[in-house]
Amino acid sequence: MIGLRARWRLFRARARTFSEHHRSASILITMSIAAVFLVVLPRIPPFSAIQSENPWYDAFANAGVYVLLAMGLNVVVGLAGLLDLGYAAFFAIGSYTYAYSNSPFSGLDLPFFPMLFVGAAVAAVFGIALGAPTLRLRGDYLAIMTLGFGEIVPIVFVNSDPYTNGTNGIGGIYRPEALPFFGEFSPLTSFNYMIVMIAIVTVAMMLLYRLHDSRIGRAWMAIREDELAAAANGINTVVTKLLAFALGATTAGFAGVFSASKLTIVSPDQFYFTVSFTVLAMVIVGGMGNIWGVAAGAFIVFLIQAVLLKQLSSIAELLNVPPIDIGPIHFDLVKFDFTEYQYLLFGIALVIMMLKRPEGLFPSRERRAELHESSEGALDDELATGAAGDA
Amino acid sequence: MADVLNATNVTKRFGGLVAVHDIDFSIPEGSIVSLIGPNGAGKTTFFNIIAGIYDPTAGIIEFHGENMIARSRRAWLEPVLWLTPPAILALITFVISGTGNEGLTGLGILVTVLTLLASMVTGVARPPAYQRFMQRFGIFRSARPNDMVVAGLGRTFQNIRLFANMTAMDNVLVGMHSRLKTTWIDALLSTPRDRREEVTSRVTANELLTLVGLKGRGDTVAKNLPYGDQRRLEIARALASKPKLLLLDEPTAGMNPNETADLTRLIGRLRSELGLTVLLIEHDMRVVMGISDRVTVLDHGERIAEGTPDEVRKDPKVIEAYLGTPPA
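Protein chains in written order, with our numbering: chain A, -13 to 377; chain B, 460 to 787.
One or more of the hints may lead you astray.
[As the list claims (entries may be wrong)] Label pairs and their calculated CB-CB ranges:
{"#": "1", "chain 1": "A", "residue 1": "119", "chain 2": "B", "residue 2": "569", "range": "16 to 22 Å"}
{"#": "2", "chain 1": "A", "residue 1": "167", "chain 2": "B", "residue 2": "546", "range": "51 to 57 Å"}
{"#": "3", "chain 1": "A", "residue 1": "69", "chain 2": "B", "residue 2": "569", "range": "30 to 36 Å"}
{"#": "4", "chain 1": "A", "residue 1": "163", "chain 2": "B", "residue 2": "558", "range": "35 to 41 Å"}
{"#": "5", "chain 1": "B", "residue 1": "472", "chain 2": "A", "residue 2": "103", "range": "51 to 57 Å"}
{"#": "6", "chain 1": "B", "residue 1": "669", "chain 2": "A", "residue 2": "37", "range": "55 to 61 Å"}
{"#": "7", "chain 1": "B", "residue 1": "531", "chain 2": "A", "residue 2": "158", "range": "51 to 57 Å"}
{"#": "8", "chain 1": "B", "residue 1": "577", "chain 2": "A", "residue 2": "153", "range": "33 to 39 Å"}
{"#": "9", "chain 1": "B", "residue 1": "572", "chain 2": "A", "residue 2": "37", "range": "43 to 49 Å"}
{"#": "10", "chain 1": "B", "residue 1": "712", "chain 2": "A", "residue 2": "337", "range": "37 to 43 Å"}
{"#": "11", "chain 1": "A", "residue 1": "-2", "chain 2": "B", "residue 2": "713", "range": "34 to 40 Å"}
{"#": "12", "chain 1": "A", "residue 1": "0", "chain 2": "B", "residue 2": "540", "range": "54 to 60 Å"}
Treat the hints as calculated values from the structure; they're not laboratory data.
What you are looking at is a predicted structure, and each value in this text was computed from that prediction instead of being measured.
All C-beta atoms in this analysis are idealised placements derived from N, C-alpha and C, irrespective of residue type, glycine included.
With the hints as constraints, model all of the structure from the sequences given.
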């Protein structure tokens, strides 16, 4: 038993060294494996019993949008330490950009893949426009400012009727052009969307990891740790923060374009505070600062929200869970609609999380060290050096 | 010997409190100069002015003969200059919109907005070319801390300000930030330049860690290092930016005599091996008197004495500042 565990440890250590030295390659390998799993899983029993293939693929594609959003927000909140409560605004801007370029409302029909970059660029422009004058603010003040921006953007979309079709939003958005091997994007199956999403997430993850491991990534982390010390070490804090903000917005822009093309409708109510909040919660649950951890966290949280809660009643029905009667309380799991209590459950989960595992499910090394002072590593160090320096 | 740093008439007021009053101060190249004085004498404030953290109320600080820190001049002109190009474009767009050509108007609006954004970003980022351009209009802005680092100034803090949750190696690499040339685009594309620089900078960082006596501790998270090592790491981080002038704010505070002696030797080596000029704030008189070429004494924000360690030690004003006036 011990031999097995030692072997597992060795394997993990080797895998870590490999992934640190060949980041892009290891991401490519991991994501390929994940892609195969995502294609195959819905067809095998425990999963195929919950729902059929297409709803699964649809859920995976939608989860991808949130994975992308969470990875983008992670740059702003997790790496650079800027609390952004209005992240959905950039998502909205990306979505509306695609809606303009591909709908009967504007009469345009531009190709999807170039628009992916245009949407991201437009979101980046707004990110810079918002960030340039305001990134001198710190902490709470910045959070309030982004919160305000996040509220303003959907309200602008609601009120500028002639340009955005108001509360009704822009409908009938055209789907992307057919892919070479996978064929048309049909409304019946989201398989192609899922494949495209996996590709986008893979590329985004590679690029973000490259930044994370570079001089820029270190500068972000330095600013998160101590802004004054970062400035006193030659980091132009305003520019570095602006870059984080712009990159976060860009990622949200990608997600927005994709989501608009998938839902074929954009309306302001898709971009209210709940979206910003959900993405922020995903970043926290996943493990702030750790790119793949945040992606995995977002994926899991989204699937719990979109699949598990929705199907929980039918699972209960399948298992024949009897209704519970305690005095006047009648609780029937089979007829209970869990999705109505989604945010309540979410809140409870977050509270438990903050108490029991504040660093998130998959924390980065720095966060784990920060929140668990007497962790193994620290203890080892202390034993190794003694307390000689504490004179 | 040329002066690395030259401060003239530097004054700093916080509201009614004069923290630093009319100080003239210069640091000759290759020397170790100490700044001493009782608590609250204004030493750290003066330090922070030199490092670009506080703007002085009056006075000028020249670094390598270049005027770096002073009160800003004609700062109001700067936003005006930013706004000029987009304003002109907006005017042109307005004229075009009068002709009723919708496409051209839309293009005009787009170009105007993008120009506004571009000038705003340049104004925030302040690249060197922009600063030279602004100087032509007689605009002077005091240097920010990061500008001072680029100019060749490294510093440590009185209360250690390491990036506590990053490894020792990463701390030193952050210190190297201003000397590395890879941009975010290089990093995204993982260009050969980026990879080469990443390797060489790690080698340099290891050398620096070895120099300060932290060999092999590169992977330790900074806050898990013993106190003395944290002080050393802060020095390594400051050295990483290849400074010409190193500001050390109480480097031996909280150290035991052995560690203090080690650190004193290290400071001596920094001068002899790296050719650094050092400005030191220190309370431990054995350190100050042992390695300083010149000592300046501050009290209540004013300079009360300056000279070699021996001269300062005998100065009645200094004795008075530290021990009080003898009873009559």
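Here is how each hint holds up against the structure:
{"no.": "1", "hint": "A/119 to B/569: 16 to 22 Å", "in the structure": "20 Å, holds"}
{"no.": "2", "hint": "A/167 to B/546: 51 to 57 Å", "in the structure": "52 Å, holds"}
{"no.": "3", "hint": "A/69 to B/569: 30 to 36 Å", "in the structure": "32 Å, holds"}
{"no.": "4", "hint": "A/163 to B/558: 35 to 41 Å", "in the structure": "38 Å, holds"}
{"no.": "5", "hint": "B/472 to A/103: 51 to 57 Å", "in the structure": "52 Å, holds"}
{"no.": "6", "hint": "B/669 to A/37: 55 to 61 Å", "in the structure": "60 Å, holds"}
{"no.": "7", "hint": "B/531 to A/158: 51 to 57 Å", "in the structure": "55 Å, holds"}
{"no.": "8", "hint": "B/577 to A/153: 33 to 39 Å", "in the structure": "35 Å, holds"}
{"no.": "9", "hint": "B/572 to A/37: 43 to 49 Å", "in the structure": "46 Å, holds"}
{"no.": "10", "hint": "B/712 to A/337: 37 to 43 Å", "in the structure": "41 Å, holds"}
{"no.": "11", "hint": "A/-2 to B/713: 34 to 40 Å", "in the structure": "39 Å, holds"}
{"no.": "12", "hint": "A/0 to B/540: 54 to 60 Å", "in the structure": "57 Å, holds"}
When held up to the earlier numbered hints, the structure conflicts with none and fits them all.
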